[in-house]
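There are 4 protein chains.
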Amino acid sequence: MEIGIIGATGYSGVELYRLLCGHPEKPAVTLFSSSKEGQYITDEYPQLTEITNKGMLHKLSADHIKKMDIVFSCAPSGVSTEILPPLLDAGIRVIDLAGDYRLKDSVLYEKWYKKPAPPERWLHEAVYGLSEWNKEKIQSAQLIANPGCYPTAVSLALLPLLKHNLIDPLTIIADAKSGLSGAGASLAKSAHYAQANENTVIYKMNQHQHIPEMEKNFASIGKTDVTMTFSTHLVPMTRGIMATIYSELEPGKSPQNVLRALQECYEKEHFVRVHPENTMLGTKQVYGSNYCDISFSFDERTGRLTLYSVIDNLLKGAAGQALHNMNIMMDLDETAGLQLIPQFP
Amino acid sequence: MEIGIIGATGYSGVELYRLLCGHPEKPAVTLFSSSKEGQYITDEYPQLTEITNKGMLHKLSADHIKKMDIVFSCAPSGVSTEILPPLLDAGIRVIDLAGDYRLKDSVLYEKWYKKPAPPERWLHEAVYGLSEWNKEKIQSAQLIANPGCYPTAVSLALLPLLKHNLIDPLTIIADAKSGLSGAGASLAKSAHYAQANENTVIYKMNQHQHIPEMEKNFASIGKTDVTMTFSTHLVPMTRGIMATIYSELEPGKSPQNVLRALQECYEKEHFVRVHPENTMLGTKQVYGSNYCDISFSFDERTGRLTLYSVIDNLLKGAAGQALHNMNIMMDLDETAGLQLIPQFP
Amino acid sequence: MEIGIIGATGYSGVELYRLLCGHPEKPAVTLFSSSKEGQYITDEYPQLTEITNKGMLHKLSADHIKKMDIVFSCAPSGVSTEILPPLLDAGIRVIDLAGDYRLKDSVLYEKWYKKPAPPERWLHEAVYGLSEWNKEKIQSAQLIANPGCYPTAVSLALLPLLKHNLIDPLTIIADAKSGLSGAGASLAKSAHYAQANENTVIYKMNQHQHIPEMEKNFASIGKTDVTMTFSTHLVPMTRGIMATIYSELEPGKSPQNVLRALQECYEKEHFVRVHPENTMLGTKQVYGSNYCDISFSFDERTGRLTLYSVIDNLLKGAAGQALHNMNIMMDLDETAGLQLIPQFP
Amino acid sequence: MEIGIIGATGYSGVELYRLLCGHPEKPAVTLFSSSKEGQYITDEYPQLTEITNKGMLHKLSADHIKKMDIVFSCAPSGVSTEILPPLLDAGIRVIDLAGDYRLKDSVLYEKWYKKPAPPERWLHEAVYGLSEWNKEKIQSAQLIANPGCYPTAVSLALLPLLKHNLIDPLTIIADAKSGLSGAGASLAKSAHYAQANENTVIYKMNQHQHIPEMEKNFASIGKTDVTMTFSTHLVPMTRGIMATIYSELEPGKSPQNVLRALQECYEKEHFVRVHPENTMLGTKQVYGSNYCDISFSFDERTGRLTLYSVIDNLLKGAAGQALHNMNIMMDLDETAGLQLIPQFP
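Chains as they are written, first to last, in the working numbering: chain A, 1 to 345; chain B, 1 to 345; chain C, 1 to 345; chain D, 1 to 345.
Quick caveat, the hints were computed from the structure, so don't treat them as lab data. None of the values given here were measured: they were computed from a predicted structure. Don't take each hint at face value.
Pairs count within a copy or across copies, as identical chains cannot be separated in the list.
Unchecked claim - Straight-line C-alpha distance at most 30 angstroms; calculated DSSO-like pairs for lysine-lysine:
| no. | residue 1 | residue 2 |
| --- | --- | --- |
| 1 | K54 | K163 |
| 2 | K36 | K114 |
| 3 | K253 | K223 |
| 4 | K216 | K26 |
| 5 | K268 | K54 |
| 6 | K189 | K36 |
| 7 | K54 | K204 |
| 8 | K111 | K66 |
| 9 | K253 | K135 |
| 10 | K163 | K253 |
| 11 | K189 | K115 |
| 12 | K163 | K204 |
| 13 | K189 | K67 |
| 14 | K253 | K204 |
Can you make the complete structure from the sequences, with help from the hints?
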């Protein structure tokens, strides 16, 4: 197996590389980086010393294109739009971790991302890689738009309930908290340790580009009229997302229906763990793993349901889900390279 | 001025003592602690070395009761119910930082706190010490029920809007994030560093005893039918609360109305700072100060308003507000001892 | 393969269990806990949900003793002294992660640990499990005294230099910094989040029980006259130890000698990575792995050599090294179950 | 009183401004920033909202120069060399927080700082502002070279012992641990939250520019032959330095001599607190204050003395000490504006 990683020096790139090093198929991995061409990955990430001494290439040659089974693109949004179409046109299979191909609608993309959209053809061809919900299409896809970290945590919790008409789609409010690695390795004032430590910060109020991605997910199971409220906070930790999601139960529906819907939906899924009503969750219980843990509470006083969903944003929210998708595409055991037990403490 | 602090070795007790050391009236402060009687406060808190070498007494003597101008009780919920009535009966003025006297209704108290309620007389006499909203009554009160940390952050943001009928009181959902000091100095698995670090945790789902306190606050301005949804999270930091509060604007109301209501309400208040719409807030901008900072966003897509409110839970959420109340009770400059500029970084 | 873990609910116990779950031999693991008998491991550690649902037993039955290939004891110091001798007398092979059997000298043990020493027979039989330095004896040992976290980091750096007479053994000073997990899961004021966060603390000054363990290690290669100075600090992180070690180069010796000694010593060792002179190290580059990374600087101005050594205290400093020792004892690939690439960020 | 702050948007600049806002002399403060000219300080530091709305000026006019009583320069090393001489030539009194004027020797400066040295005249005129050790000269100085954060912590602990010939000056090794704010507000990979969190890192091995500053301090009391070893680590916290300092007691000297020397030296000093032998120290006990806390241990086994010294790097290690020096220069109460009780937790 021949694998390429474009944008190998970002956090999801290096996490993906770590996972591939432990993959039972022992793929040959080639690293690409436009900014660090010629450098060794260990220059940037000394934790890889003696594990690899790979140098990084600037871009894929025709030869690479011919032999690569899969290329992961960990380049940022905007860059994927530019660099992937030629590779795709040449027939290569790509899993893109950026947001560029997640929305089918170029107008919507340009509105929320404030960048030119990718070519319509590839927008249209792209398969949304929410692994548990789209397996059949993922299997045969040429281009996977790997989901965003927040949409993964939120959609995995909400989709089963929407599908079974248990909650009122017009009442959805999701309040998400993320560690700093979610914002990537690039330097920014908000990511300076002295700014971020001992600080919980609200950002991108009502403007987060993951909003249309989630609404599109709801539309994909027929809930086309959802306009959700979504807030994002940075909390002082490196990894982890907790989404706390509020909605109203439909008349006649009970917490038992909720639990059953979640359990039925995920009983055959390895990476989603459904907990009983009123189970306290913390992000650390999925830290370093590809799990999404879900629980919920129903408040009789208010008639509102609250869902809790936790993931490791770099794994289930990025590199882990990408590898899961690769396993599906290559017809491998879904858990290959992903049997990661959460690290605690 | 003679001041006593009961429960001086808890986090709000020692924070109050720090504030009183810097108070311009230079009050004489006596410390009481049932568990650390006879020890010096510096044994527990070496940061106070050379600033004081006070020993701690077990309880107030008749002589103390006679001469004390104010006693702060930083004892935990339940203990206040037991120890304060005799002091109050003897005529002493008390500011209680626990929850015991915050709800006027003993049935409600026992339901949420799962402890016997204090005597009806003192429940009835107690004045709720939300400083900006209750000044007149605070001034002449014998017993102040100092507000909880979460209710302070949430109520200060919501009350102006409810008062001006800008939001639908039936749609309120508050999602709060707190640092670990909010849970106090007592040892618990959830407060162990290795558990709490790199972890965001949901707790007391729909069961937090601050819920009836907030609903009572809304009722106090005529919104008697509110059943709010309230979630609390621990995030890995020591101090700080961020409350993210969702509601729906009433028909015909605009973000301009919201800003104006907040500004008018607090324009003469030193400790509440209102920011323009869409201002990003972080808990660190009030860290080490008695400020509550408030901003908001209105989302035209959804018609929902989101309020953001940040405080330092040990100051505006506990000791700072208690001292503010003391200043009001003693007819001092409200900001005496509280002119704390947030420490950053 | 049948494995037992005594003290399974401590941090090194649960880390060991996590490693054994990923071990290619797929051992059957039985968990023992005196305090949590009858509970499920997932009650304490929800991260293990759906991975296991094992209940914990109080102690080993005769039947367990018969069939267990290896028992790991993660009980605290003092407890090992009590509970292991009967198991050992019954012939079982034990890897003890506590300090009880590390010092051969019962007088020394009682002086530093302030507890009664284990029976002389087992003190004498115990093989010190510093994997890279004691492989032959480990292979055939019945009882392994698994090294302490600090002695692992310090000894791996110093032993090659002492062995080659490159440094003056009378000049050794080691300054160590550890994350909070090193102190274990038990509740203590010093481990409360609000105490430990934003705090670097010195503790056990000149009294740390790991001092005689390190001096014994130096004596084991003939440096019997070493009295080292050793300081330990808690820094606000969960995992990781950095040891900064000062000594004077022997006359005529150079940094090149130092590098060569380190490289030769560890060139065939998988888990010790030697970096060139003046390489900056951080604990995070070994986080979540069984590596010990070593580098050094020589200062011509002062003639002093400084060694830097970093480990993950729960892996190379505890459970990882214990499993490495098990692999050696069972004649397995040394890296089985330990091919962990450091997790970053 | 008229005060200027050059480089007001750095961490020590804004901390100084915070202190000056609380100074009893109520000085008029003008802010200067070459990079943020025309912006408001609250744009960068929203915690100052409603406390000030000052805009920042690019540089001092002739008028400023005439009326300013003191100018603090918080510009980085190198910039002070360029911008201060014209101001000094015009007769203004300056407290410089950078390293440029701390070494009297331009050759030494250029060697360690790798930048051109300031004019000899001002190098020569500059008075080193280690407040407790240089009061008389500080009082009448035109230019204060405010000490570095590490040299403050280390020198305050060592100078009394060197002065009384209690320790062998040839045996000094200082191992320092600092929070991230010490590296300033500028963006750097090492200060990215995801890099710095859960990481203890060694840096600038044997190359730190504070080494000659400390050796010069020792020389200033006659210990001219000291070449010390000095290591610096970043630990994951925002504020705080702990220096752990090793040396050998001179023959015939005892821990009692050490305690007495420290106590005598600092008994009249408000900001240095000497603790008894074997007192555990943590950086948090001085957090948010201008204190330097010192304790020590003597190890009979090794004959070595270990000193512990903790400061808040932004206060005693920068802005606090600068203000202390201003108070001395202006003949004010030394503690004016600095009566800060450490904030805990």
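Each hint tested on the structure:
Taking identical chains as interchangeable, the C-alpha atoms of K54 and K163 are never at most 30 angstroms apart, the minima being 46 angstroms within one chain and 34 angstroms between chains. Taking the shortest Cα distances, K36 and K114 sit within 30 angstroms of each other both inside one copy (27 angstroms) and across copies (27 angstroms). For the homomeric pair K253 and K223, the shortest alpha-carbon distances inside one copy (18 angstroms) and between copies (29 angstroms) are both at most 30 angstroms. With identical chains, the CA atoms of K216 and K26 are never at most 30 angstroms apart, being 36 angstroms at best within one copy and 43 angstroms at best between copies.
In this assembly of identical chains, the alpha carbons of K268 and K54 lie at most 30 angstroms apart only when taken from different copies (21 angstroms versus 38 angstroms within one copy). Proximity of K189 and K36 under a CA criterion of 30 angstroms is satisfied in both settings, with 23 angstroms inside one chain copy and 15 angstroms between copies. For the homomeric pair K54 and K204, the shortest alpha-carbon distance between copies (27 angstroms) is at most 30 angstroms, but the shortest distance inside one copy (37 angstroms) is not. Neither within a single protomer nor between protomers do K111 and K66 lie at most 30 angstroms apart by alpha-carbon distance, with minima of 36 angstroms and 54 angstroms respectively.
When the C-alpha separation of K253 and K135 is checked against a cutoff of 30 angstroms, the pair qualifies only within one copy, where the shortest distance is 29 angstroms, while the shortest distance between copies is 46 angstroms. Taking the shortest alpha-carbon separations for K163 and K253, only the intra-copy value of 13 angstroms comes in at or below 30 angstroms, while the best inter-copy value is 34 angstroms. For the identical chains of this complex, K189 and K115 are neighbours both inside a copy (23 angstroms) and across copies (27 angstroms), given an alpha-carbon limit of 30 angstroms. Taking the shortest alpha-carbon separations for K163 and K204, both the intra-copy value of 29 angstroms and the inter-copy value of 28 angstroms come in at or below 30 angstroms.
In this homomeric assembly, K189 and K67 never come within 30 angstroms of each other (Cα to Cα): the closest approach is 41 angstroms inside a single copy and 35 angstroms across copies. Taking the shortest Cα distances, K253 and K204 sit within 30 angstroms of each other only across copies (23 angstroms), while inside one copy they are farther apart (34 angstroms).
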